[in-house]
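Whenever a hint applies, use it, and build me the whole structure from the sequences.
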Amino acid sequence: MKNNFRTLKASIIMGILLVSVSAVIVPTSSAGLLANLSSYANISFDSKNFSDIPVVPRGELRPLPIVISYGTNYAGLFQFIPSILFSLHKGRQVNIKLDLVDKSPWCTATITQSTITTSVQDNEVKLNGNLNIKVDLDAPAFGSGYVTVKITVPKIGMIAKFENEFTLEFLPAYLPLIKQQTVGSNTKRIGPMDTAVFPIEIENLGNARTKVKLEVVNVPDGWVAIVTDMVILDEVKGSSGTAYLTVKPPKSFGYHDDNAGIVIEMTPERAENSNDKGSPERISVLVESRGFSVIGIEAIAIPLILIIVIISLIYYFLIRKRKI
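Using our numbering, count along the sequence shown one by one with no gaps and you end on 326.
I should point out that these hints are in silico values taken from the structure, not numbers from a laboratory.
Computed from a predicted model, the values in this text were never measured in an experiment.
Each residue gets a CB set at the ideal place from its N, CA and C atoms; glycine is no exception.
It cannot be assumed that every hint is accurate.
In silico EDC-like links for lysine to aspartate or glutamate, alpha-carbon gap of 16 Å or less [to be verified]: (1) K152 with E165; (2) K136 with E171; (3) K253 with D223; (4) K152 with D104.
Across the chosen pairs, the derived CB separations fall in these ranges [unchecked claim]: (5) N97 with P282: 51 to 57 Å; (6) N132 with F82: 40 to 46 Å; (7) P282 with Q115: 40 to 46 Å; (8) N134 with K215: 32 to 38 Å; (9) K239 with G186: 21 to 27 Å; (10) D124 with L63: 34 to 40 Å.
Put into structure tokens, the structure is as follows:
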């Protein structure tokens, strides 16, 4: 009985040695018939962080937590052979490499940890990583953006190498950004009978076709200010349009020495959807009115003429009566 047990033990040890030696000396194509060991890996992420909340251009670095699942599959002609070979690999270190292989040209992407280390284990393991995305200023609003990550698990003994690519899609947000300035000086001196005109140049620095609404928000009493109510700017960065502000001073009769600060408010919004809008921006101009105005003289002249006519008639009749 004791001899039989020793014989069985020796046979098991010899079998393990034969399998191990055959794994080394037998060609790969033949060894695959006996045992096939392979790694597998997968990347998963919650894309709602990007699809539901668009990434603001020139904004923050948006982090995306990713989960890497890693495990090992093994099979073969005889179940015990791959099982024995797998047990020989258990505990060996595995370096999983993450690489950015492609992305939209208007975004910057980084991986916080490009190499994640684990080991060969019986069960699938889950590892955490981080992908960061920042969108450049020229990203088209709500255009399709993407980042492709390649995951590589190197060959580990008889465990075959594994490679795969995963793509994350996201949307850039609309950036309501404009630059405005008056053409020439923002101060004008005119007479009370004149009109001041200020061309206002507006440039689109955002990433979509933009509608700019203009409104006069501060006009002193007696002054009249009218501005172009809307300017449409093309999507191309640097496209511009011109609005005109017209200012008229008080024109009442007499000498004038008036000053007025006029404030214009401009609100950029996406041309296709007015709900996507930015914060109002303001620009101010100063108009000085100096000089004499004859407007309103008729209010004095007509009664004065009537008085002169009446006095003339009275004088005429008095002179005529004396002569008679």
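Going through the hints against the structure:
1. Distance hint between K152 and E165 is fulfilled; the C-alpha atoms sit about 7 Å from each other, no more than 16 Å.
2. Of the pairs offered as hints, the one joining K136 and E171 holds, with about 13 Å between alpha carbons and a cut-off of 16 Å not exceeded.
3. Taking the CA atoms of K253 and D223, the gap is near 12 Å; set against the 16 Å cutoff, the hint holds.
4. Under the criterion of a C-alpha separation no larger than 16 Å, the hint pairing K152 with D104 is consistent with the structure, at around 9 Å.
5. As the Cβ distance of N97 to P282 is approximately 54 Å, the hint placing it in 51 to 57 Å holds.
6. The hinted window of 40 to 46 Å between N132 and F82 holds, with their beta carbons roughly 41 Å apart.
7. A hinted range of 40 to 46 Å holds for the C-beta pair P282 and Q115, which are about 43 Å apart.
8. At roughly 36 Å, the beta-carbon separation of N134 and K215 lies within the given 32 to 38 Å, and the hint holds.
9. At roughly 25 Å, the beta-carbon separation of K239 and G186 lies within the given 21 to 27 Å, and the hint holds.
10. Against the hinted window of 34 to 40 Å, the Cβ-Cβ separation of D124 and L63 comes to about 38 Å, which satisfies the hint.
Figure legend: structure checked against the earlier numbered hints; every hint is met.
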